[in-house]
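> Each chain, letter by letter, is given below.
2 protein chains.
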Amino acid sequence: MAKLGDNLRTNGDRLWDSLMDMAKIGPGVAGGNNRQTVTDADGEGRRLFQKWCEDAGMTMGVDQMGTMFARREGTDPDALPVYVGSHLDTQPTGGKYDGVLGVLGGLELVRTLNDLGIRTRHPIVVTNWTNEEGTRFAPAMLASGVFIGEHDLDWAYERTDAKGLKFGDELERIGWKGDEQVGQRKMKAFFELHIEQGPILEAEGKDIGVVTHGQGLRWIECTITGKESHTGSTPMPMRKNAGRGLAQVTELVHEIAMKYQPTAVGAIGHIDVYPNSRNVIPGKVVFTIDFRSPILDSLQKMEAELLERAPQVCEALGLTFAHKSSGQFDPPEFDKGCVAAVRNAAERLGYSHRDIVSGAGHDACWINKVAPTAMVMCPCVDGLSHHEAEDITKEWAAAGADVLLHAVLETAEIVE
Amino acid sequence: MAKLGDNLRTNGDRLWDSLMDMAKIGPGVAGGNNRQTVTDADGEGRRLFQKWCEDAGMTMGVDQMGTMFARREGTDPDALPVYVGSHLDTQPTGGKYDGVLGVLGGLELVRTLNDLGIRTRHPIVVTNWTNEEGTRFAPAMLASGVFIGEHDLDWAYERTDAKGLKFGDELERIGWKGDEQVGQRKMKAFFELHIEQGPILEAEGKDIGVVTHGQGLRWIECTITGKESHTGSTPMPMRKNAGRGLAQVTELVHEIAMKYQPTAVGAIGHIDVYPNSRNVIPGKVVFTIDFRSPILDSLQKMEAELLERAPQVCEALGLTFAHKSSGQFDPPEFDKGCVAAVRNAAERLGYSHRDIVSGAGHDACWINKVAPTAMVMCPCVDGLSHHEAEDITKEWAAAGADVLLHAVLETAEIVE
Numbered sequence: 001m002a003k004l005g006d007n008l009r010t011n012g013d014r015l016w017d018s019l020m021d022m023a024k025i026g027p028g029v030a031g032g033n034n035r036q037t038v039t040d041a042d043g044e045g046r047r048l049f050q051k052w053c054e055d056a057g058m059t060m061g062v063d064q065m066g067t068m069f070a071r072r073e074g075t076d077p078d079a080l081p082v083y084v085g086s087h088l089d090t091q092p093t094g095g096k097y098d099g100v101l102g103v104l105g106g107l108e109l110v111r112t113l114n115d116l117g118i119r120t121r122h123p124i125v126v127t128n129w130t131n132e133e134g135t136r137f138a139p140a141m142l143a144s145g146v147f148i149g150e151h152d153l154d155w156a157y158e159r160t161d162a163k164g165l166k167f168g169d170e171l172e173r174i175g176w177k178g179d180e181q182v183g184q185r186k187m188k189a190f191f192e193l194h195i196e197q198g199p200i201l202e203a204e205g206k207d208i209g210v211v212t213h214g215q216g217l218r219w220i221e222c223t224i225t226g227k228e229s230h231t232g233s234t235p236m237p238m239r240k241n242a243g244r245g246l247a248q249v250t251e252l253v254h255e256i257a258m259k260y261q262p263t264a265v266g267a268i269g270h271i272d273v274y275p276n277s278r279n280v281i282p283g284k285v286v287f288t289i290d291f292r293s294p295i296l297d298s299l300q301k302m303e304a305e306l307l308e309r310a311p312q313v314c315e316a317l318g319l320t321f322a323h324k325s326s327g328q329f330d331p332p333e334f335d336k337g338c339v340a341a342v343r344n345a346a347e348r349l350g351y352s353h354r355d356i357v358s359g360a361g362h363d364a365c366w367i368n369k370v371a372p373t374a375m376v377m378c379p380c381v382d383g384l385s386h387h388e389a390e391d392i393t394k395e396w397a398a399a400g401a402d403v404l405l406h407a408v409l410e411t412a413e414i415v416e
Numbered sequence: 001m002a003k004l005g006d007n008l009r010t011n012g013d014r015l016w017d018s019l020m021d022m023a024k025i026g027p028g029v030a031g032g033n034n035r036q037t038v039t040d041a042d043g044e045g046r047r048l049f050q051k052w053c054e055d056a057g058m059t060m061g062v063d064q065m066g067t068m069f070a071r072r073e074g075t076d077p078d079a080l081p082v083y084v085g086s087h088l089d090t091q092p093t094g095g096k097y098d099g100v101l102g103v104l105g106g107l108e109l110v111r112t113l114n115d116l117g118i119r120t121r122h123p124i125v126v127t128n129w130t131n132e133e134g135t136r137f138a139p140a141m142l143a144s145g146v147f148i149g150e151h152d153l154d155w156a157y158e159r160t161d162a163k164g165l166k167f168g169d170e171l172e173r174i175g176w177k178g179d180e181q182v183g184q185r186k187m188k189a190f191f192e193l194h195i196e197q198g199p200i201l202e203a204e205g206k207d208i209g210v211v212t213h214g215q216g217l218r219w220i221e222c223t224i225t226g227k228e229s230h231t232g233s234t235p236m237p238m239r240k241n242a243g244r245g246l247a248q249v250t251e252l253v254h255e256i257a258m259k260y261q262p263t264a265v266g267a268i269g270h271i272d273v274y275p276n277s278r279n280v281i282p283g284k285v286v287f288t289i290d291f292r293s294p295i296l297d298s299l300q301k302m303e304a305e306l307l308e309r310a311p312q313v314c315e316a317l318g319l320t321f322a323h324k325s326s327g328q329f330d331p332p333e334f335d336k337g338c339v340a341a342v343r344n345a346a347e348r349l350g351y352s353h354r355d356i357v358s359g360a361g362h363d364a365c366w367i368n369k370v371a372p373t374a375m376v377m378c379p380c381v382d383g384l385s386h387h388e389a390e391d392i393t394k395e396w397a398a399a400g401a402d403v404l405l406h407a408v409l410e411t412a413e414i415v416e
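If you read the sequences in order, they're chains A and B.
Note that the working numbering has the first sequence beginning at 1, numbered continuously upward.
Note that the working numbering has the second sequence beginning at 1, numbered continuously upward.
Do not rely on the hints blindly, as some may be mistaken.
Copies of the same chain are indistinguishable here, so a pair counts whether it falls within one copy or spans any two.
[Unchecked claim] List of simulated lysine to any residue pairs, SDA-like, C-alpha gap at most 20 Å: (1) Lys394 with Ile118; (2) Lys394 with Thr39; (3) Lys301 with Ser326; (4) Lys163 with Asp272.
Rather than coming from a laboratory, the hints here were simulated on the basis of the structure.
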């Protein structure tokens, strides 16, 4: 008879092997992964995950956004399922663990229950959310955003990548556009295990981060327009160099974020220069500002100051500034009951832990709007993520999966 | 009997029609051209030019760099040819005249001589230099650089574009790698007609620029390295944002160029950000600084100050700075005799003119090192070039071709 005791643990070796097997699909150029959403590599990763789920006795549902839901039945036909999961897609130069750990940690949880013959009253569903990263098709967390009604399905399908390809077409091309209507599923709870993607847990020697809040986010896509002209024959006073606008706004973003320390952050990660030729003064620069804070007021003030000052900076250089939102959400506060289940699990298992704010956006931040939600974090080496050198230890992964197992079992109810 | 009188003029309508016909090949997206070097479009443009040359009774030679030499025989078998020409390749978002006017102006000159039955003692060779622009394969003026021995042929062949394709392979692929050894031709003189690519002639209402000097150039390819990390979960003090290095060096380039006014210029036209994702702090930025001045001392001081201060700027941000030269030449002074031939021609034809410095680099700047050389410039609207909206009038083009005709005839000697 299974009990929620400190000896109930996942199989860390098996979890690690699965992580390594998945990492073989869509290898990067420097030891990490390039398995961007709705690419051929993503399709191959999905097929492997599906096979593993079916081998573990689960049944797979796929919705119209391509999100995969692998279900392990419970004993009560009327009980709402407990959902776990994250995403299998990666950054173009991403790591092996960001997202993947949360999906395969959920799979390992089910495999462990199978090994031990543990049944739960509530079904358990392991989820792979489509396009969490948002690099190829902005915004990030696209499928979970559609799931909660933040975005329309048709709008999501129309998102284009840098080559002009549409998300909906690419999803269909790789064969993962399902029939199930998006967002119809009801959840008892949602738990997401994820690497921290920051340096705090490792620096403090903690095994587990109990995520109480997430950072809110504002993505502001900016277009600065000047005038293309020859770098050699245009006298300095006659130039309208959009590159200088980018330079000054880059420093402005930094200056503004520094006013709201220690929690706020701000940077520009994506920049396209037009026509991007060595001997042409940039006539146009398009870039996205990423502001985040767990404090809504800070987030709003940062955005407001940027939108007031950036046009002034550009005007002084003879440039024009335009902007649009390309992603935003307010800081989420996770469900106190689910957070307590995570904290209890870490305590019960004897793992050192601390409460933490999630610096990154996650599918859990959206799902938190429609279901009781919490997140479990494990450390990552040097805080490095969205980088091919992203790294964790087998022990950290196993501890995260153990905590996920206990939090889910406390919620899904072991059947005696 | 032809004489070098003010009634001896090219056919401006025919020149204009040829310019418009060539512009149909490799059309841009906004009315200009995208006929980048050694692309399929370049190959098609070359075939049209070859046909026109053969129709005009010229014979075509092609060297191992793909440079085309269309020869009209002279009466003296021992006389060195007078060369004219420029380039048919364009920027990715280029205009219809940059380079093309100089090649087709040379063709028009020959057609005019044919119309009038004028023979010259020296042969006349109309030249299309391969890869003047240097956008797809740096450095600019690649073929003329190999011609004068500034670059090795094999080195030129190994230049790669953004996709990793090699110049030599692409030249062969489009079928324009000739057998003729590069640089073997001896020239009596070289004349290049080109649009100004700057605002001076139009602003002063001059028909013709008599180019006495060119600007020297330093292209410095810089790599700033920081650390890729997540935009959300990396605290501000722990960031190594290569984008901030780019920002501060952009402003540094401007500041340095402003010290050497009114002749010097400086800007950054080409920027690649890695990994260029909205939610990843740039770990690396690669960009090229373009400094120019007609005064060698200014050019050297600008480069030296940049290379002293940019590493300091980066170090203060926790970044590293590396650089290499990706193109350089010292300010050329054109041949006094050839310059006088251009000035005489403008005088004789009654065109208003002024001496001018070429702001851009041109094949003539390289050829000036091995043969007496001069350039003729005509105005362009609003100084705009390297831009699809680049524009000139039919009258400006015709005046330029007329001056080219007279300068060449004065040098090639009309046979009575």
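> Next, verify each hint and record whether it holds.
How the hints compare with the structure:
1. Lys394 with Ile118: Neither: 24 Å inside a chain and 86 Å across chains, both beyond 20 Å.
2. Lys394 with Thr39: neither (28 Å within a copy, 51 Å between copies)
3. Lys301 with Ser326: Classified as within: same-chain Cα gap 18 Å, cross-chain 44 Å, threshold 20 Å.
4. Lys163 with Asp272: both (13 Å within a copy, 17 Å between copies)
Checked against the numbered hints above, the structure breaks hints 1, 2 and satisfies the rest.
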